[in-house]
Each structure stands twice: as C-alpha cells, then as structure tokens.
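Whole structure, please, built from the sequences with the hints as guidance.
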Amino acid sequence: MLFIEIASKDKIGEAERTLQELTAAARVARETIDVTIPGRRPRPGHLHPITLMRQRIEDIFVSLGYLVEDDREIETDFYNFDALNIPEGHPARDPQDTFYTTEGFALRSQTSTVQIHAMQRRGAPMRMIAPGRVFRRDTPDPTHNPMFFQVEGLCVDRGITMAHLKGTLAEFVHRLFGPETKTRFRPSYFPFTEPSAEVDYSCFNCGGSGCRICKQSGWIELGGSGMVHPNVLRAANVDPEQFTGFAFGLGIDRTCARIYQLDDIRLLFENDVRFLEQFR
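First residue of the sequence shown: 1, per the numbering used here; consecutive thereafter.
It should be emphasised that the hints constitute simulated quantities derived from the structure, not laboratory data.
Treat the hints with care, as some may be off.
[What the hints assert, rightly or not] The calculated label-pair distances, taken between Cβ atoms and stated as ranges, are:
#	residue 1	residue 2	range
1	D272	T161	40 to 48 Å
2	G178	P240	31 to 39 Å
3	R212	E103	43 to 51 Å
4	K182	G159	23 to 31 Å
5	R43	E270	16 to 24 Å
6	G178	V62	18 to 26 Å
7	Q261	R27	53 to 61 Å
Glycine residues also receive a C-beta, built at the ideal position from the N, C-alpha and C atoms.
If you want it as structure tokens, here you go:
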C-alpha cells in the first residue's frame with residue numbers, strides 16, 4: 001500500500017507540473033506581441049479655435065511690448081463697477097445684466113477689472129492686455145453668449161494721447177488681418193473712458209466693397225476704446241495729473257467667428273469634435 005501511495009503522489013506531482021507548463025506556455029502564446037504588425041496611430045489632438053485666436057492676439061501685443069495679465073473671475077463691486085467709474089443705478093449693475101454670486105460679489109462682466117489690479121500692483125507706466133472669460137446675462141443667439149472671451153488692453157504713461165491709441169490699434173489690425181486693412185473711429189460713450197470711440201476695420205474678405213461678412217457695409221466692428229477716465233486712474237492709485245492712458249477691448253470669439261466665417265458663435269461652445277477638428 002505504501003508503494004502504491006508513493007507512486008500515486010509522483011504521478012499527481014508530474015501531472016501538476018505538466019499542467020503548469022502548459023498553462024505558462026498558453027499564457028506566453030496569448031500575450032506575445034507581434035512587433036511586425038503595424039500599430040494604431042493615436043488620434044492627434046489640437047487647440048480650440050478660440051485658443052488659437054487668443055494666442056495670435058497675445059503674440060501681436062507681446063511683440064509690441066505689452067504684458068499679458070489675468071486675475072480672478074469673481075470680483076467685488078469695487079473692481080467690477082466702482083473702480084471703472086460705473087455709477088450707482090447704471091444698467092450694467094442690474095441683476096438682469098450681471099451674474100451676482102452673493103451680495104457685493106459678481107462674476108466679472110469685463111476684463112477691465114484686471115487693469116485695476118495690475119495698476120495697483122505695478123503702478124505706472126505700464127502696458128498690458130487682459131484676455132479671459134467674462135460673464136453677462138445675455139440671451140444666447142448667433143452673436144451673443146452668457147460666457148464669452150474678451151481681451152482688453154491698457155497703456156498708461158506720461159504724455160499718452162488719442163494718437164497713440166489710433167496707431168496701436170491700426171498696427172494690431174494690420175498684423176491680424178493684413179497690411180491693407182484700414183481703421184476708423186466713431187464717437188461713443190463708455191463710463192471708464194473719455195473721450196470714447198467705437199473702432200471699425202475694413203472688411204478683410206472684400207476689402208471694403210461689401211460682402212456677406214460685413215453685411216454689405218465694407219466695415220466690421222472691432223470693439224470699444226478711448227482715453228482712460230481720470231477717476232479710473234485714481235481708483236488704481238495712479239495720479240491723473242502725471243499720467244494719461246488709453247484702453248480698448250474686443251471680443252475674441254467674435255473675431256474668431258469672423259475670421260473663420262462662422263454665422264453663429266455658439267458653434268464654438270458646443271464641443272462638437274467633428275466641427276472643431278476643422279481648425280488646426
């Protein structure tokens with residue numbers, strides 16, 4: 001009986017070793033990679049068209065000596081309104097126009113708030129742009145969105161005049177749209193600048209003769225501009241008796257939509273990869 005028991009154990013052990021060897025061989029065969037088989041290429045990513053446009057705008061102003069600044073998106077009433085010379089009772093302060101979070105705080109409705117922070121932090125003279133997201137209670141339509149991207153610029157120094165503003169924006173549109181692009185200034189009103197002007201540029205598509213993009217007018221609106229109001233400089237601890245400055249602002253997503261000939265800026269925010277991958 002002892003002999004039979006020993007023989008049985010030997011047979012069982014041999015069978016277990018054989019099974020382990022077969023299992024290991026099967027695993028190796030299953031997991032072996034044939035390095036000669038062509039691999040699958042990963043789907044390449046690319047930047048969003050708004051990011052591409054923002055980078056183009058930043059590159060132009062950086063080459064002109066401007067700093068790129070950004071700051072908080074939830075602001076106090078002081079930075080969102082008071083420091084920008086927007087008085088009590090102004091429509092911009094109305095809850096129907098501004099996203100208030102708690103009393104005294106709201107989502108910034110323009111990146112002009114960054115200019116106040118930058119002047120308080122750096123003083124004058126200074127040149128800066130502030131690209132970023134802003135928020136307004138706009139009903140979504142082909143040209144409006146509750147959240148959109150804006151860039152605002154500021155130049156403060158001794159002896160700055162309206163001529164410096166016109167020259168800066170003319171150079172900007174030349175670099176962005178081409179050297180033949182013209183600019184024009186139309187009188188306007190903004191609480192934070194005086195005098196103020198709307199800036200237009202000749203249509204980059206038709207050269208000013210009239211087309212679908214410019215609605216047959218030959219001109220496209222760029223944004224608002226003007227000389228910084230003395231009250232804004234005082235709010236940022238800059239002496240308006242010594243320094244003057246100009247400011248301007250434009251919509252990044254609207255500019256992006258015009259360059260890419262989009263009829264609806266909402267397409268830029270719908271995250272449809274089939275649409276977005278067209279822009280590289």
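Now the hints, each set against the structure:
Our hint of 40 to 48 Å for D272 and T161 holds, since their Cβ atoms are close to 46 Å apart. Against the hinted window of 31 to 39 Å, the Cβ-Cβ separation of G178 and P240 comes to about 37 Å, which satisfies the hint. For R212 and E103, the hinted distance range of 43 to 51 Å is satisfied, since their beta carbons lie about 46 Å from each other. For the pair K182 and G159, the beta carbons lie near 26 Å from each other, so the given range of 23 to 31 Å is met.
Checking the proposed 16 to 24 Å range against R43 and E270 shows it holds: the Cβ atoms sit about 19 Å from each other. Take G178 and V62: their Cβ atoms lie about 20 Å apart, and the range 18 to 26 Å holds. Between Q261 and R27 the Cβ separation comes to about 57 Å, which falls inside the hinted range of 53 to 61 Å.
In summary, the structure agrees with every hint in the numbered list given earlier.
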